[in-house]
Amino acid sequence: MNIDRITREFNGAMWIYPRLTATHSAAASIHRFFHREVLKKSRLGERLATFAALPFTPFVIVALATVFAAINGPAIKKLTGKGVFRQFCEQIGIAARFAILPPWYYIFELHDSAKSQQAGEYLNRFEMKSGLYRYIRDYNGGLPVPAERSTSFIRDKFNFMTRCHACGVATVPVLLIVSKGRITPIDWSGTGLPERDLFVKPITGAGGRHTMRWVYLGSGQFRGNCGQIVSGNQLLELLCQASKCRDYLVQPRLINHQEIADLANGTLATVRVMSCRNEQDKFEVTDAVFRMARIRGAIVDNFHAGGIGANVDIQTGELGRASGGVRGVTRGEWFERHPETDAPILHRKLPCWAELITCVEKAHGCLFSDQVVLGWDVALLDNGPCMIEANKAPDLDIIQRIKGCPLGNERLGKILAFNLMRTVEVKEARVKPPKVGGRDGSRVQITRSSKRRMGQDSSPV
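Residue numbers (the working numbering): 6 to 466.
Hints listed in this document are in silico derivations from the structure and should not be mistaken for laboratory results. Take these hints with a grain of salt, some might be off.
As the list claims (entries may be wrong) - BS3-like mimics (lysine-lysine), calculated; alpha carbons at most 30 Å apart, straight line:
#: 1; residue 1: Lys82; residue 2: Lys45
#: 2; residue 1: Lys45; residue 2: Lys397
#: 3; residue 1: Lys367; residue 2: Lys354
#: 4; residue 1: Lys432; residue 2: Lys287
#: 5; residue 1: Lys185; residue 2: Lys287
#: 6; residue 1: Lys120; residue 2: Lys367
#: 7; residue 1: Lys432; residue 2: Lys354
As the list claims (entries may be wrong) - Label pairs and their in silico Cβ distance ranges:
#: 8; residue 1: Arg228; residue 2: Ile191; range: 21 to 29 Å
#: 9; residue 1: Pro257; residue 2: Pro60; range: 53 to 61 Å
#: 10; residue 1: Arg258; residue 2: Ala119; range: 38 to 46 Å
Note that CB positions come from ideal geometry on N, CA and C, so glycine has one too.
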């Protein structure tokens, strides 16, 4: 029962989604897919949990609205003139109408009247991460399902990097693996540790947790992100001890391209890039956010570690304003300049942008063609884009907050709806997605009549 499952049970979507206005938009189609294919067809135990949560749902919503109105309300009142009690009431109303819980009222800035009118178009974290991502992945978006899936190469960061190297996609070298107290050299043939800055992260994990940065001071000494100074041998011993709980990769610390070094604030800044299979079965980049550490000394630029992000124009690589606040503590802060370094953000153009788009689309097609949608973390270095990792269930809260609009009827929402429709067509035809290389490799044709029968059409409103 992680946070996504908990919010899924306590938001009332099982009863609210069937009452949403019947439109033929992509966003409405996605909500209906979630209700029909995930909620209604969930296992008995999950359905019982949903029914058991129903009596408590109003109390949970009121409690959350009270807490988040207290945290954000005064700042939003200063910004918009909208009183705290009115914000509280709007949170309740939006939760009752759209199954959007109070934290997301502030994450998506639904206190803004223009944005609240689009509330039904937001793709909610609970429906994507707790249902539709897995559903669309299991059926490969309605296309033939390969005998071997690439998912394990996404979860395991070492496997991801090995796969990238094999396909000629630029990624971070792995110097050592430290596992169960044992050290295995990979791209390092020397003794001890290389005399350079190092970055250490778990082989599996997310959100930048349990990462370490070690700055080389010279004379065989390293300083950790917590300030401790150790020798190379002492550092290896520390890593061996830590590896008894989880396995680690030891990599060289990367430095951003010189044109954006002032935005990185001493921490590697990365671009979160969304790519999805489109109607032509090619892979298309739809959205991107440039992430930066807000506070100097941060180990990672991750939003959940206090970072900020700016929307990136897909066509030009130009940055918009930056903000944080994905956890629901927003206070309406937006920045045209970096809040600590004062470096300009708004209208900055990222270097190597065309190369980054090409790199991501090539990597999706070559490395993970059986994954319908992925979120990529890409670093921009002096020698070009460098793949850091891929995410099989990327968080859309970041994109929608920073972009300032819902994705449901944007390009990503439309091609997600297309892939979901094709998946449903496969299931309704009672045809299992054939194995690659089998006799039947044909696509299932999505017909207008089937869309009308479902009441779902991914065409724009």
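Task: Consistency of beta-carbon spacing, Ile191 to Arg228, with hint 21 to 29 Å - done: holds (24 Å)
Task: 53 to 61 Å as the expected CB spacing between Pro60 and Pro257, which holds or is violated - done: Once the Cβ atoms are compared, 54 Å apart, the range 53 to 61 Å for Pro60 and Pro257 holds.
Open item on the list: Within 38 to 46 Å: is that where the Cβ-Cβ distance between Arg258 and Ala119 falls?
Closed with: holds (43 Å)
TODO: Given the hint that Lys82 pairs with Lys45, test it: the Cα-Cα distance must not exceed 30 Å.
DONE: violated (40 Å)
TODO: Decide if the proposed pair is consistent with the structure: Lys432 and Lys354, CA atoms, cutoff 30 Å inclusive.
DONE: violated (45 Å)
- [ ] Below or equal to 30 Å on CA atoms is what counts here, so check Lys45 against Lys397.
- [x] holds (24 Å)
TODO: Below or equal to 30 Å on CA atoms is what counts here, so check Lys120 against Lys367.
DONE: Status violated; Cα separation ~35 Å.
Open item on the list: Please verify whether Lys185 and Lys287 have alpha carbons no more than 30 Å apart.
Closed with: Distance of about 41 Å is beyond 30 Å: violated.
Task: Proposed proximity, Lys354 with Lys367 (alpha carbon, max 30 Å) - done: Given that 30 Å is the threshold and the Cα spacing comes to 22 Å, the pair holds.
- [ ] Please work out if Lys432 and Lys287 have their alpha carbons no farther apart than 30 Å.
- [x] Cα-Cα ~22 Å, so holds.
In this structure, the hints that do not hold are numbers 1, 5, 6 and 7, in rising order.
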